[in-house]
Amino acid sequence: MKEEIIIAGFGGQGVLSMGKILAYSAIMQDMEVTWMPSYGPEMRGGTANVCVIISDKKIGSPIVTKYDTAIVLNQQSLDKFENAVKPGGLLIYDPSGITREPVRKDIRICRIDAITYAAELGNAKVYNMVVLGAFLKIHPIVKSGNVKKGLEKSIPARYGNLIELNSSAILKGMENVETVNEI
Amino acid sequence: MAEKVLMKGNEAIAISAIRNGVDGYFGYPITPQSEVMETLMKEKPWETTGMVVLQAESEVSSINMVYGGASCGKKVMTSSSSPGVSLMCEGISYMAGAELPCVIVDVMRGGPGLGTIQPSQGDYNQIVKGGGHGDDHNIVIAPASAQDMYDFVDWGFELAFKYRNPVVILADGVIGQMMEKVEMHPMKPRMTDEEIREKAPWATTGKPSWRNYNIITSLSLDSDIQEEFNRKLHAKYALIEENEVKYSEYMTEDAEYLFTAFGCSSRICEAAVDILRSEGIRAGLLRPITLFPFPHKEIKRLAARMKSMMSIELNFGQMAEDVRLAVEGQCPVGFYGRQGGNIFTPEEVVAEFKKFNNIQ
Chain H
1 MKEEIIIAGF
11 GGQGVLSMGK
21 ILAYSAIMQD
31 MEVTWMPSYG
41 PEMRGGTANV
51 CVIISDKKIG
61 SPIVTKYDTA
71 IVLNQQSLDK
81 FENAVKPGGL
91 LIYDPSGITR
101 EPVRKDIRIC
111 RIDAITYAAE
121 LGNAKVYNMV
131 VLGAFLKIHP
141 IVKSGNVKKG
151 LEKSIPARYG
161 NLIELNSSAI
171 LKGMENVETV
181 NEI
Chain W
1 MAEKVLMKGN
11 EAIAISAIRN
21 GVDGYFGYPI
31 TPQSEVMETL
41 MKEKPWETTG
51 MVVLQAESEV
61 SSINMVYGGA
71 SCGKKVMTSS
81 SSPGVSLMCE
91 GISYMAGAEL
101 PCVIVDVMRG
111 GPGLGTIQPS
121 QGDYNQIVKG
131 GGHGDDHNIV
141 IAPASAQDMY
151 DFVDWGFELA
161 FKYRNPVVIL
171 ADGVIGQMME
181 KVEMHPMKPR
191 MTDEEIREKA
201 PWATTGKPSW
211 RNYNIITSLS
221 LDSDIQEEFN
231 RKLHAKYALI
241 EENEVKYSEY
251 MTEDAEYLFT
261 AFGCSSRICE
271 AAVDILRSEG
281 IRAGLLRPIT
291 LFPFPHKEIK
301 RLAARMKSMM
311 SIELNFGQMA
321 EDVRLAVEGQ
331 CPVGFYGRQG
341 GNIFTPEEVV
351 AEFKKFNNIQ
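For the record, the sequence lines run as chains H and W. Okay, so the first sequence: first residue is 1 according to the numbering used here, each after it adds one. Okay, so the second sequence: first residue is 1 according to the numbering used here, each after it adds one.
Hints are computed from structural coordinates only; laboratory data are not their basis. Owing to the predicted nature of the structure, the values given are computational and were not obtained by experimental measurement. For every residue, glycine included, the Cβ atom is placed at its ideal position computed from N, Cα and C. Be aware that one or more of the hints could be misleading.
Away from chain H, derived, C-beta distances all over 12 Å, residues of chain W [claimed, not checked]: (1) 61; (2) 89; (3) 93; (4) 98; (5) 204; (6) 213; (7) 232; (8) 253; (9) 266; (10) 269; (11) 271; (12) 298; (13) 308; (14) 331; (15) 339; (16) 354.
16 Å max Cα-Cα, derived EDC-like pairs, lysine to aspartate or glutamate [what the hints assert, rightly or not]: (17) H/58 to H/30; (18) H/57 to W/274; (19) H/2 to H/68; (20) H/66 to W/347.
To spell it out: a stretch of chain H is covered by chain W in this simulated footprint if at least three of its residues, at any positions, have a beta carbon under 8 Å from a beta carbon of chain W; those stretches are [said to hold, decoys possible]: (21) 17–25; (22) 62–73; (23) 110–116.
Turn these sequences into a full structure, and let the hints steer you where they fit.
Below you can see the structure in the form of structure tokens.
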């Protein structure tokens, strides 16, 4: 089993930490991971993306051009990565981040209105966890118990009270993800 | 069981330094390796192991602080990226001349000059062929994962003290910035004063009555003495070449074509080998783990049964020259590289491989 995921959006949306929590959750069930961010001046207020690879075998190249899953949170990222999803793969997007709907017919496409659900939880910062929940509902590659452990490892102890909030955000995403294109 | 943690290669360097009893880190921030000092400052090892962490005013100061610490037999290190390491080269040469052990981490970025902040392997010649002026050699080890970054700190100090020589961990922006699973081994305490006197009897630890004073210097104004010393240095390098070569092979048992690549490029080549194998093409990979000493013999041995070889690097073919020297004309040696901070993909390497070998 090997899953190559690109998560892309604006700097500040929590793209990198979403990838980190996903990667940590996979380590908790003893899988191999790589987490490779784009880094550079373009990250300041601009686009940020991270490629996370999860595998049950040792991972060779951390750099790939085609992805099993693309999670895109703004228009630039949709434009950049829609065509990079492998046929039969998965695209998840946030409808409030885009102006043009995805058009591929050969991949599964799902949407999650994460801003609305994060607002319902009373903390816009858990936006990324709502998105993560949406992804894990469609592709449960890590068990929810391990996601909790991943959260515990990723969130500094002094913010331990936020683990519950993040967990409910993940749940919210799981409950509300909609499929807009089945293959 | 060893604790498994998700961390960046840069963070692994810092955590490993603390956990392996390093006495001091002196550095100056530069992308893409700033997390090394950031992590050390966050971990505050001076409160636990007593390790000193200091941000110097420049890379020149950092390397000279390393010189000072190493003179006292302490396990001291620094880290930087390409332009910063250029500034350190004078100090590195002085340390080679004074036979001082230390670990220097170079997380390479695109050059020349200030260049870009993206990954590169453009400093192979600079670091592997010397590091400073004066016919010296660094021991150069090239990590390809966050786990390597963690493990090579301890290995680096082991080599540095064994041979009284600077060791460079030659990494790149990918290995520094990428997060992976790292297994942490039990902590090693820092060396006691007694252990330092035993392990580094040459160090300036205070003159006891029963021996003459120790002198740490790279200055010698007598040509005969200097020549004699250089011969001694090169005998040491020969010993290192004899004993310390390390490399790894991937799918070479029945290979007809061989890639050579180090650091992050070796990871990408592994994936390229997998693609070629799935098409029935018997490709393999040799990854030099030590760049000095370079695995000349092993490459020569493998070249004898290859149809061709190809060196894949994030530069314009610096290691390829060493590969060609090792191959001794036994088979054609090609090269493919990207520069300036751009990285090739496995598919790109496969396409270039096919072009070079006229395979459709």
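Now the hints, each set against the structure:
1. 61: Since the minimum Cβ distance to chain H is about 26 Å, residue 61 of chain W lies beyond 12 Å and the statement holds.
2. 89: holds, 26 Å
3. 93: At about 31 Å from chain H, residue 93 of chain W clears the 12 Å cut-off, so the statement holds.
4. 98: holds, 37 Å
5. 204: holds, 41 Å
6. 213: Holds: least Cβ distance 49 Å, greater than 12 Å.
7. 232: holds, 42 Å
8. 253: About 18 Å separates residue 253 of chain W from the closest Cβ of chain H, which puts it past 12 Å; holds.
9. 266: Its Cβ does come within 12 Å of chain H, the nearest being 9 Å, so this is violated.
10. 269: Per Cβ check, residue 269 of chain W is inside 12 Å of chain H; nearest 8 Å; violated.
11. 271: violated, 4 Å
12. 298: It holds; residue 298 of chain W is separated from chain H by about 21 Å at its closest Cβ, greater than 12 Å.
13. 308: holds, 21 Å
14. 331: Holds: least Cβ distance 24 Å, greater than 12 Å.
15. 339: holds, 16 Å
16. 354: holds, 17 Å
17. H/58 to H/30: holds, 11 Å
18. H/57 to W/274: Between residue 57 of chain H and residue 274 of chain W the Cα gap is close to 13 Å, so the pair holds against 16 Å.
19. H/2 to H/68: holds, 9 Å
20. H/66 to W/347: holds, 10 Å
21. 17–25: holds (count 3)
22. 62–73: The restraint on the segment 62–73 of chain H holds, since 4 of its residues have a Cβ under 8 Å from chain W and three suffice.
23. 110–116: violated (count 0)
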